[in-house]
Amino acid sequence: MQFQTTHTLAELAAYLQGTCLSGAQMVIQGVNTLKEASSTDITFLAQPQYVPLLAETHAAAVVVGANHADKCNQPIIIVPDPYIAFGQLMRLCAPDEPVLAGIHPSAVVAKTAVIAKTATIEAQAFIGEHVQIGEGVHIGPQVSIGAHSTIGAQTKLFAQVGIYHQVHIGERCIIHSGAVIGADGFGFANHKGNWIKIPQLAGVEIADDVEIGANTAIDRGVLTPTRIGRGVKIDNLVQIGHNVQVGDHTIITGCVAIAGSTTIGKHCAIGGGSCINGHIQITDGVQITAMSGVLASIDKPGVYSSGSPAIENAKWRKLMASYFRLPDILKRLRALEQDK
Amino acid sequence: MQFQTTHTLAELAAYLQGTCLSGAQMVIQGVNTLKEASSTDITFLAQPQYVPLLAETHAAAVVVGANHADKCNQPIIIVPDPYIAFGQLMRLCAPDEPVLAGIHPSAVVAKTAVIAKTATIEAQAFIGEHVQIGEGVHIGPQVSIGAHSTIGAQTKLFAQVGIYHQVHIGERCIIHSGAVIGADGFGFANHKGNWIKIPQLAGVEIADDVEIGANTAIDRGVLTPTRIGRGVKIDNLVQIGHNVQVGDHTIITGCVAIAGSTTIGKHCAIGGGSCINGHIQITDGVQITAMSGVLASIDKPGVYSSGSPAIENAKWRKLMASYFRLPDILKRLRALEQDK
Amino acid sequence: MQFQTTHTLAELAAYLQGTCLSGAQMVIQGVNTLKEASSTDITFLAQPQYVPLLAETHAAAVVVGANHADKCNQPIIIVPDPYIAFGQLMRLCAPDEPVLAGIHPSAVVAKTAVIAKTATIEAQAFIGEHVQIGEGVHIGPQVSIGAHSTIGAQTKLFAQVGIYHQVHIGERCIIHSGAVIGADGFGFANHKGNWIKIPQLAGVEIADDVEIGANTAIDRGVLTPTRIGRGVKIDNLVQIGHNVQVGDHTIITGCVAIAGSTTIGKHCAIGGGSCINGHIQITDGVQITAMSGVLASIDKPGVYSSGSPAIENAKWRKLMASYFRLPDILKRLRALEQDK
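Chains as they are written, first to last, in our numbering: chain A, 3 to 342; chain B, 3 to 342; chain C, 3 to 342.
Bear in mind the hints are in silico, worked out from the structure with no lab data behind them.
Result set (EDC-like, lysine to aspartate or glutamate): computed pairs, CA atoms no more than 20 Å apart in a straight line:
| no. | chain 1 | residue 1 | chain 2 | residue 2 |
| --- | --- | --- | --- | --- |
| 1 | A | K333 | C | D330 |
| 2 | A | K113 | B | E99 |
| 3 | C | K317 | A | D330 |
| 4 | A | K333 | B | D341 |
| 5 | C | K333 | A | D330 |
| 6 | A | K302 | B | E314 |
| 7 | A | K199 | B | D83 |
| 8 | B | K268 | C | E314 |
| 9 | A | K333 | C | E339 |
| 10 | B | K194 | C | D210 |
| 11 | C | K342 | B | D330 |
| 12 | A | K342 | B | D341 |
| 13 | A | K194 | B | D83 |
| 14 | B | K333 | C | E339 |
| 15 | A | K342 | B | E339 |
| 16 | A | K199 | B | E99 |
| 17 | A | K333 | B | E339 |
| 18 | C | K317 | B | D301 |
| 19 | B | K342 | C | D341 |
| 20 | B | K199 | C | D83 |
| 21 | B | K268 | B | E207 |
| 22 | A | K268 | A | D210 |
| 23 | B | K113 | C | E99 |
| 24 | B | K333 | C | D330 |
| 25 | A | K158 | C | E131 |
| 26 | B | K320 | C | D330 |
| 27 | A | K317 | C | D301 |
| 28 | B | K342 | A | D341 |
| 29 | B | K199 | C | D250 |
| 30 | C | K199 | A | D210 |
| 31 | B | K158 | A | E131 |
| 32 | A | K342 | C | D341 |
| 33 | C | K342 | A | D341 |
| 34 | A | K333 | B | D330 |
Chain A extracted, bound-state conformation:
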C-alpha cells in the first residue's frame, strides 16, 4: 500500500514516536506485510511466529519491538507496539477525505431538524423531525434517521444506514451500511396461542467512539434504552436484543447474537457466531471463543468455550454414534466398577 507522499525513515520514526538507529535518510514509499513488502516499503513484525520471515522479507526497513531488534538485518524503527504502528502507517496511505459540508439538494430534511454547519448530508438521505446532527458529521447517501434522534460530532454513517426514532449516537462513531439501530425489540405476550405485541418505547444510546458493522441490528429497549458503551466495536451481522447493555471497550465479532435484557461487561471479547442467552450477566474481562452458546451468567473473568471443532465427516459420524450412547457408557462403567 503506497503512502500518499514519500517519507524518510527519520520522518516515519518521528511520526511513530519510535527510535531509528540507522538509515535515517532512506526514502520509504509505502507499507506492507513481511511477505509482500517491496524494496521501497517499510514492514512490521507484530507476532512472534513471523520472526522467520524477517530473513526473507524484501522490505527496506522494519518496525519492531525492542525484543526483536537484534533479529533484523535491515534498518529498523523500534516502537512499543508494532501493530499499532502499522495502523498509524496505514493512515499515511489513506487519501484525505474531501470536505463536503452542506446538504445535497436530493436529501429530504425535516424543517424541525437541526443540522450543524460543518455537517455533510449526502444525496437522498432522509432526516426526520427534531433530529440533531452535530459538527463534522458525515451522513452518507440514502441514510434514514427517525424523529428525535441525535448524531454526535464527527460521527460517520455510511450509505443506507437505518436509524429509528429516539436513537442517540455519540461522537466519532462509525456505522456501516445496512446497520439498523432502534428497531422494535422482540417482545410478545402469548394470549391463547396468539402473540400480542408489547410496545417497545425506549430507544438506543450509543456512546462515543463506537464502530458498528454492516447489516448489524441493535434493537430499542422496552422501558429503558438499549445501551452500547464507549469504545465498543461491533462487527457485521450482529444481533443485539432489546435492553441489552454492553460495557465500554468490549469487542463483538461477526454474526454474534445477544438475546434481550442481557448485560455484557467492560473489556469483553465475544467470538464470531456465538449466541448469548437473554436475561444473564457477563462480568468484565470475559472472552468467549467463536461459536459458543452462553446459557448462564458468567461472574469470573477468563476464557469460555463451547461447541466442537469440525473433523472428517466419517469420524464425526462415528463420534456422534458413541456420543448418543454417553449415558449408557457411564452406566456400564459404573457397573464394572462395582463388580471389582
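For chain A, the structure is supplied; the task is to place chains B and C on it using the hints.
Below, chains B and C without anything else, positioned relative to chain A:
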C-alpha cells in the same frame, strides 16, 4: 415510562378489564418494572421468581394474577394475565402516530400502482408497476416495492424495507428496516463444476398479523410461493429459504436459518441461532432451544435441543480431548465387559 | 408454473438437446414437480428417491435420465441431467425483462461517472465519482455505489444493494437487496484497553458470474483486496471478512461466517450456519456440513463436520450431564483396565 396522560387506578382497571379492590381514585402517571417503578407508577408481577420484589417495589399499585393478590401491600388490579396487561399499559405510553396519509413528493410511484387514499408513502420510497397498497398502510422512507406486489390494509413497513416483485403481504403486518422479502432462492444445478442458476419464479405470501425483524431475509419460491402463516413473529437477521412454509402463530427468534423447502408447523418456537435443515417437516407445537441444529424431521410436539453450553476454556479443552476419544472409550468398555 | 407460450414436446426436446421417443406433437403448457404437475405440464425426475412418484404423477410428459427411461409410462425426453433441464424449462416460464436502459431522473449520478449506453439506472440510485457501469448493467432502485467502483457488463444489482468505494464487480453477476460489499474489515489494535482502528484501504474484487444473496456482507481488504472467484455462489446473510479469498465455483450457504484472511479453495461447499476461523487455508474440493466450526486449516478434500444434531430436550439434558463427565469417564476406564 410515562403515560401520555394520567389515569386513575379505576380507569386503568376498566381499560385492562381487571378488578380493582381499593385505591380507585389514585392517580397513576406511568408504568415500570417492580425494580424501577417510582411512587407514581403502576407495576406488574408476570413471573413467580419476582414475588420477593413485591416487598421492595416503590410502585403505587401492582397488576397481578389472582394467585398473587394476597402478596401485595399496595392497591392492586387483578387480571388473568399480568404480562398482557403490561403490554396494554405500554400502549398508554406510546404517542399517537401522526396521521400523514398521502404520497411524499420525493417518492417515485409507478403510474400503474394503486394506492389507497388513507395510505402514507414517505419520502424517497419506490413503488413499482401494478403494486397495490391498502387502506391505512404506512410505507416508510426509502422503502422499495417491486412490480405486482400487494400490501394489505394497516400494514407498516419501516424505512428501507426491500420487497421484491410478486410478494403479497397481509393486513396489520409490521416489517422492520432492512428486511428483504422475495429475493431469489438459492437454487443451482451443478454442470461439470459450474453452478447453473435455477430461475426462482414464485413469490412470497405473508398472511395477516405477521411481524418481521430488521435485516431478515425471506426468499421467493421456485414453483410455489414461500408462505408465512397468520400471526407469525420473526426476529432480526433470520434467513428463510425458498419454498419454506411456516405455520400460523409460530415464533422465530434472531439469527435462525431455515433451509429451503422445509415446513414448520403451527405454534412452534424456534430458539435463536438455530439452523433447520432443508426438505424436512417439523410438526405443530415443537420448541427448538437456542443454537440447535435440526437435521431431520420432527413428528412429535415437545422440546428439542442440541449443542453444548459454554464452559471455561481450560475445561472445554480437556472435554474435547476425551470427546474425540469417545469411539475408543466405547470399544475399551466393551472389552472390559467381555473380560468379566 | 406456466410457460410464457405453449410448446410441443418436440420443441422442448430440441430446446433441451434431449431425445423425445413419442408424443412429439403433444402440447405442453408448463412445468412442475412430479407431485404438483397437472395433465398439461411436463415434469422431471432429478433424484432416485422420487422414482415411486412416477407412477402417481398427473404430468403429460417427463424429463428423465437414460437410466430411468424405462420406468415412465408417459412420453419422455431423455437428457443427461434432468435437474439442469428443469432449470432450462423454468426459463421458458420467466417473462422477458423489460428493456429499460437509461438513467431515471431521480437517480443521482456523479459527473465523473461513466455509464454505458445500454445500462439501466433505476429510480433513486446513487452513483459516485469515477464509477464505471458496463453495457447492459441493471442498477435497481436505491442502490448506492461508492467512488471508483466498477460494475461489469450484464451484471444486475437489485434494489438497495450497497457498494462501497473501490469495489470491482465482474460481468453477469447478480447481487441481491441489502448486500453490502466493501465495508471496513474488523481490524483494531488494542492500546491499553482501547481499540485503535486499523485503516482498511484495499477494496473488493468479485469475478464474473458470481451471485450474492440478500443482506450478505463482504468486507474490503486491509492491504490487498478481498477476492471472490469466478462462478462463486453466496447465499443470504453470509459474512466474509477482510482479505478472504474464495476460490472459483465455490458455493456458500446462508448464515455462514468466514473470518478475516482465510483462503477457501475452488469447488468447495460450505454448509449453512458454519463458522470458519480466520487466517486458515481450506484446500480445493472441501465440503463443510451445516453448522460446523472450522478452527484449523484443511489440506485434504473431503467432507468435514462438527456439532451435534438436535434431540429431545430430556435426552439432551441427560447427554449433557454425562458429556461434562467425559474426562472422568476416561480416567475411570483407564483404572479398570489397569486392574485386570
